[in-house]
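Following the hints, position chain B against chain A.
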Amino acid sequence: RKEVEQDPGPFNVPEGATVAFNCTYSNSASQSFFWYRQDCRKEPKLLMSVYSSGNEDGRFTAQLNRASQYISLLIRDSKLSDSATYLCVVNEGSGGYNKLIFGAGTRLAVHP
Amino acid sequence: ETGVTQTPRHLVMGMTNKKSLKCEQHLGHNAMYWYKQSAKKPLELMFVYNFKEQTENNSVPSRFSPECPNSSHLFLHLHTLQPEDSALYLCASSLNTEAFFGQGTRLTVV
Chain A
1 RKEVEQDPGP
11 FNVPEGATVA
21 FNCTYSNSAS
31 QSFFWYRQDC
41 RKEPKLLMSV
51 YSSGNEDGRF
61 TAQLNRASQY
71 ISLLIRDSKL
81 SDSATYLCVV
91 NEGSGGYNKL
101 IFGAGTRLAV
111 HP
Chain B
1001 ETGVTQTPRH
1011 LVMGMTNKKS
1021 LKCEQHLGHN
1031 AMYWYKQSAK
1041 KPLELMFVYN
1051 FKEQTENNSV
1061 PSRFSPECPN
1071 SSHLFLHLHT
1081 LQPEDSALYL
1091 CASSLNTEAF
1101 FGQGTRLTVV
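As you go down the protein sequences, you meet chains A and B in turn.
Numbering-wise (the working numbering), the first sequence opens with residue 1 and increments by one.
Numbering-wise (the working numbering), the second sequence opens with residue 1001 and increments by one.
It is worth saying that the hints were derived from the structure and are not from the lab.
Be careful, since some hints might not be right.
Unchecked claim - In the SDA-like style, the derived pairs of lysine to any residue whose C-alpha atoms are separated by at most 25 Å in a straight line are:
(1) B/K1036 / A/S94
(2) A/K42 / B/L1027
(3) B/K1040 / B/L1011
In isolation and in its complexed conformation, chain A is listed as follows (with noise of 0.2 Å):
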């Protein structure tokens, strides 16, 4: 089982709708959570953090489930822009040591 799963994709989605992308993680012992955006052929790039009350970011709300080991990202109102592939991340890190793990991404296409 991989450690951090998601769904592919890819999410082709028209301007304005409201999106879900889902993640789950293997390491229940995982402390910290977080969703990144990575664009074609650069770095990853921090979205957000995900807290354990969820959290929210303008268009961005953020969720976390520890019993069921499950995190999500929600897009509300889609831009053009926000064409992306976006990376769920957990820190398997224990003892103030962090070991980050990368989810294979969920690609999303907006179109006008």
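Structure of chain B alone, referenced to chain A:
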């Protein structure tokens, strides 16, 4: 700009060459990482250094040799690489939480 700088940005090397990739950050981060991203493949964790100590070697072939002389610098020494090692090599650093990436070195082995 994330504050993580990688050099060179592009590198073409022959299979018998020896080269090094460099990464530096002056963000006060305590962990540094090397990742490999091949065309249309996910990010693969190669090495992790926490507090200058190597804490993860993800079964990487010995032709890749990391070095972390201090908490701000990370190197990846390359020798006798294969064409299939051609990829984007990304360095990242973190301080107990999210990681910030450099722009990567796009490596081509000929």
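Output the numbers, in ascending order, of every earlier hint that fails for this structure.
none
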